[in-house]
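Chemist: Residue numbers (this note's numbering), protein chains in the order written: chain A, 1 to 317; chain B, 318 to 634.
FYI, nobody ran anything at the bench for these hints, they're computed from the structure. This one's a predicted model, so the numbers in the text were calculated from it and none came from an experiment. We put the beta carbon where it would ideally sit given N, CA and C, even for glycine.
27 Å max Cα-Cα, derived DSSO-like pairs, lysine-lysine:
{"#": "1", "chain 1": "A", "residue 1": "K29", "chain 2": "A", "residue 2": "K96"}
{"#": "2", "chain 1": "A", "residue 1": "K218", "chain 2": "A", "residue 2": "K180"}
{"#": "3", "chain 1": "A", "residue 1": "K150", "chain 2": "B", "residue 2": "K444"}
{"#": "4", "chain 1": "B", "residue 1": "K444", "chain 2": "B", "residue 2": "K346"}
{"#": "5", "chain 1": "B", "residue 1": "K413", "chain 2": "B", "residue 2": "K371"}
{"#": "6", "chain 1": "A", "residue 1": "K150", "chain 2": "B", "residue 2": "K467"}
{"#": "7", "chain 1": "B", "residue 1": "K535", "chain 2": "B", "residue 2": "K583"}
{"#": "8", "chain 1": "A", "residue 1": "K96", "chain 2": "A", "residue 2": "K84"}
{"#": "9", "chain 1": "A", "residue 1": "K127", "chain 2": "B", "residue 2": "K467"}
{"#": "10", "chain 1": "B", "residue 1": "K320", "chain 2": "B", "residue 2": "K333"}
{"#": "11", "chain 1": "B", "residue 1": "K346", "chain 2": "B", "residue 2": "K418"}
{"#": "12", "chain 1": "B", "residue 1": "K497", "chain 2": "A", "residue 2": "K180"}
Residues of chain A placed beyond 10 Å of chain B at every Cβ, according to the derived structure:
{"#": "13", "residue": "D46"}
{"#": "14", "residue": "P106"}
{"#": "15", "residue": "G149"}
Derived Cβ-Cβ restraints for the label pairs, each shown as a range:
{"#": "16", "chain 1": "B", "residue 1": "T331", "chain 2": "A", "residue 2": "M270", "range": "51 to 57 Å"}
{"#": "17", "chain 1": "B", "residue 1": "A530", "chain 2": "A", "residue 2": "G263", "range": "55 to 61 Å"}
{"#": "18", "chain 1": "B", "residue 1": "D521", "chain 2": "A", "residue 2": "K84", "range": "54 to 60 Å"}
{"#": "19", "chain 1": "B", "residue 1": "G493", "chain 2": "A", "residue 2": "D277", "range": "22 to 28 Å"}
{"#": "20", "chain 1": "A", "residue 1": "T315", "chain 2": "B", "residue 2": "K320", "range": "25 to 31 Å"}
2 protein chains.
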Amino acid sequence: MDKKVFGVDIGGTTVKIGAFTADGEVLDKWEIPTRTENNGADILPDIARSIKDKMGEDGTTVDNVLGIGISVPGPVDDDGIVHKCVNLGWGVFDIKEEMKKHIDVPVFAGNDANAAALGEAWKGGGKGCRNVVVVTLGTGVGGGIIVNGKVLSGYIGAGGEIGHIHIDDNETEKCGCGNKGCLEQYASATGIARLASRRLEEDDTPSTLRSAAGLNAKVIFDAAKAGDALANEVTHRFGEILGKGLSIVADVTNPEVFVIGGGVSKAGQMVLDLIRDSYVRYVFHASRDTGFVLATLGNDAGIYGSAKLVIDGVTKA
Amino acid sequence: MDKKVFGVDIGGTTVKIGAFTADGEVLDKWEIPTRTENNGADILPDIARSIKDKMGEDGTTVDNVLGIGISVPGPVDDDGIVHKCVNLGWGVFDIKEEMKKHIDVPVFAGNDANAAALGEAWKGGGKGCRNVVVVTLGTGVGGGIIVNGKVLSGYIGAGGEIGHIHIDDNETEKCGCGNKGCLEQYASATGIARLASRRLEEDDTPSTLRSAAGLNAKVIFDAAKAGDALANEVTHRFGEILGKGLSIVADVTNPEVFVIGGGVSKAGQMVLDLIRDSYVRYVFHASRDTGFVLATLGNDAGIYGSAKLVIDGVTKA
Chain A
1 MDKKVFGVDI GGTTVKIGAF TADGEVLDKW EIPTRTENNG ADILPDIARS IKDKMGEDGT
61 TVDNVLGIGI SVPGPVDDDG IVHKCVNLGW GVFDIKEEMK KHIDVPVFAG NDANAAALGE
121 AWKGGGKGCR NVVVVTLGTG VGGGIIVNGK VLSGYIGAGG EIGHIHIDDN ETEKCGCGNK
181 GCLEQYASAT GIARLASRRL EEDDTPSTLR SAAGLNAKVI FDAAKAGDAL ANEVTHRFGE
241 ILGKGLSIVA DVTNPEVFVI GGGVSKAGQM VLDLIRDSYV RYVFHASRDT GFVLATLGND
301 AGIYGSAKLV IDGVTKA
Chain B
318 MDKKVFGVDI GGTTVKIGAF TADGEVLDKW EIPTRTENNG ADILPDIARS IKDKMGEDGT
378 TVDNVLGIGI SVPGPVDDDG IVHKCVNLGW GVFDIKEEMK KHIDVPVFAG NDANAAALGE
438 AWKGGGKGCR NVVVVTLGTG VGGGIIVNGK VLSGYIGAGG EIGHIHIDDN ETEKCGCGNK
498 GCLEQYASAT GIARLASRRL EEDDTPSTLR SAAGLNAKVI FDAAKAGDAL ANEVTHRFGE
558 ILGKGLSIVA DVTNPEVFVI GGGVSKAGQM VLDLIRDSYV RYVFHASRDT GFVLATLGND
618 AGIYGSAKLV IDGVTKA
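With the rest of the complex left out, here is chain A:
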């Protein structure tokens, strides 16, 4: 029997689990609830039990498991020490050692945003590329930078915080991080809505957005696609700022491709075009041909990336 790899993505309400071949083909995937009571003491035992149940179904033994990769919504260092996960009630502990008490296979762990980026770089939009920047445009702007196939975590795991690069000197409102003028304030789903609100308040230019039930990224991009001039202005401002920001990321890291995911990316090719038009005007010439593609794994990116942590970890050991 070929060895199996399990990829686990722990979220605040649901744990996603995938069974993969050692080549990264998904065999099965399922979810269990995240039980955060008792400071999250049941989470790892629940995961171990669920994986063992699944192994029992086809007679997989621990000898046939290459390992389990776990992505965690908080900082995890290279030794597998979790440094608090507020959402799960977790403090500081060695997740590898703790997990091995429940199932005796090799365990690898990483931060969830980085694992998702690794997944997209490996089997998603960045498939086949070893230098990839994954940008997630959701409530905030998240990032994951893959250098030679590995996550760039940096000194204390704060690498890839591209949502908080300073992009506008004239901003008057504070970002959630406390600074002013962060990329996230313009390029996240909430950032685009904020750009639209501001623009609507500026003057009386007619726009279908004025009668929209709610201002969100989808409404704004749909209006722009339908020819609304003000919405078009807003989406161009979004592209201008994000393209400028990503030009800096490319000057620093020179990826082969940017993979754009998250809710905002559902507007599709239009988002890529808006970003790239701005990007090429700002980037150093050596990085001018960098590709822009959409993320393809959606919410499964985390289980793919967690499985990859196992494969890389086992190969290295």
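Knowing the structure of chain A, use the given hints to seat chain B on it.
Modeler: For chain B alone, coordinates are given in the frame of chain A:
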């Protein structure tokens, strides 16, 4: 006899060569001229002969040489293929294979700016740190990013081009790269002189800089240290822009320390303080404690980095 490593740094007029222990202690260093005639056909044979002569002095044999690392003033890919060095007259060729025709030891090669950064990270200002950003403030602004002890070269070797990150939307003059508003236009030696010229032209504020024989970084920093208000304003503008730029580099790569070198850094601690004051105002909180230190290896950084290429290469193989 302990094995020796040779680090070679090829410049346009001089080749620097160092003999090192496998631990990176320098045993000897010397220079030979760079003969660029005949499309640089003599450069590698000259280097091989010079190293063999040095080996003859103490009876070192090829078996006692761990390898030769060569840094080149142009792009070199991970396979050791040089992609043109205009200054040397070189076209595209395999420098490892070519060098081995002249001396039969393992050969490793890299770009000179990256090798110098690797040297500073290894034995210079960044000694003991595995995640380091080296910034060279010379005629231009160069950079080298070390992630987990290795150079971040990126997809086509254009990583670490921090001199060309876009930093000012209002710039009217073009940078040498063709873009407008690059970091290098403000933070290089020529950039600071340009900031001073601009400021002097703005109004009639008295300043000792008005009677200076020439406006250069040293004159400007010395005037600021001596209490000249206008020079002080200029150095603060330099620090403001560079600190902002490096905050973005840190948000992306989260280094443990920034190592600041090049001619401008000769103004010393004042330069670090000016950068850091601005840096902490812009950077994401997780990277707020990143250190700032001066480079220590000067022109020897390249030979150290070239030696490190050998040590890493041999260890990996």
